[in-house]
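Chemist: Sequences listed follow chains A and B, in order.
With the UniProt record's numbering, letter number 68 in the first sequence gets 68, and the count goes up by one each step, no holes.
With the UniProt record's numbering, letter number 104 in the second sequence gets 104, and the count goes up by one each step, no holes.
If you're looking for bench data, these hints aren't it; they were derived computationally from the structure.
Hints are not guaranteed to be accurate.
Pairs involving identical chains hold if they fit within one copy or between any two copies, as the list cannot separate such chains.
Said to hold, decoys possible - Pairs of lysine to any residue residues, derived as SDA-like cross-links and limited to a Cα-Cα distance of at most 20 Å, are as follows: (1) 11 <-> 86; (2) 13 <-> 31; (3) 88 <-> 31; (4) 39 <-> 86; (5) 82 <-> 4; (6) 38 <-> 94; (7) 11 <-> 30.
Number of protein chains: 2
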Amino acid sequence: MAKSLNELREKIKPEVQAAARAKAVAIIAEMSLAEVRKKRGINQADLAGLMNIAQPNISQIENRPDALISTLNQYIEALGGKLEIHAKFPDGQDIEISQFAMIK
Amino acid sequence: MAKSLNELREKIKPEVQAAARAKAVAIIAEMSLAEVRKKRGINQADLAGLMNIAQPNISQIENRPDALISTLNQYIEALGGKLEIHAKFPDGQDIEISQFAMIK
């Protein structure tokens with residue numbers, strides 16, 4: 001019989017497990033919108049063109065502490081990405097909020 | 001020398017790997033806000049009290065196709081959760097948008 005993943009995991013040294021977890025966590029970076037845009041190699045002027053809005057509006061979106069989900073969605077989609085909104089609970093439940101998924 | 005995670009993974013049968021992946025994916029459910037609220041066992045009246053707003057406002061938030069991130073954050077926090085906003089890109093990059101993390 002094939003070994004279960006848990007059986008295999010028990011045989012992996014704790015330090016190897018820890019290194020793998022650290023690597024997995026590192027894939028998710030935390031950034032502001034402007035940092036995401038720069039990471040994707042797009043400047044404000046180009047993004048303004050992609051979103052069909054004026055460049056000062058990009059600056060506003062990036063500097064305001066709040067935004068409409070639809071605005072955020074348009075911003076991320078213009079960068080070629082997909083917006084995902086999650087609610088995470090202390091009991092480990094991770095729910096993706098799908099209500100806003102289709103806003104354009 | 002300890003085996004790497006990749007070496008161990010290669011020894012796991014594809015069907016076992018697929019089952020583990022399916023299980024991991026199932027942890028993340030997709031729901032509307034009202035569904036999240038019901039899942040957490042809280043009714044509109046109680047949530048209105050927790051958010052210090054009128055019950056019809058809860059209904060509005062749950063039925064509108066758009067919302068301010070601050071409103072969404074207050075809603076999820078009142079349910080005892082934490083809001084996370086991610087931008088996911090086709091190259092696998094997963095970035096958490098931290099700009100709005102502290103809105104109250």
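Chemist: Hint by hint, note whether the structure agrees.
Modeler: Checked hints:
{"no.": "1", "hint": "11 <-> 86", "in the structure": "neither (33 Å within a copy, 34 Å between copies)"}
{"no.": "2", "hint": "13 <-> 31", "in the structure": "neither (33 Å within a copy, 38 Å between copies)"}
{"no.": "3", "hint": "88 <-> 31", "in the structure": "both (19 Å within a copy, 12 Å between copies)"}
{"no.": "4", "hint": "39 <-> 86", "in the structure": "between (22 Å within a copy, 14 Å between copies)"}
{"no.": "5", "hint": "82 <-> 4", "in the structure": "neither (34 Å within a copy, 32 Å between copies)"}
{"no.": "6", "hint": "38 <-> 94", "in the structure": "between (29 Å within a copy, 15 Å between copies)"}
{"no.": "7", "hint": "11 <-> 30", "in the structure": "neither (33 Å within a copy, 34 Å between copies)"}
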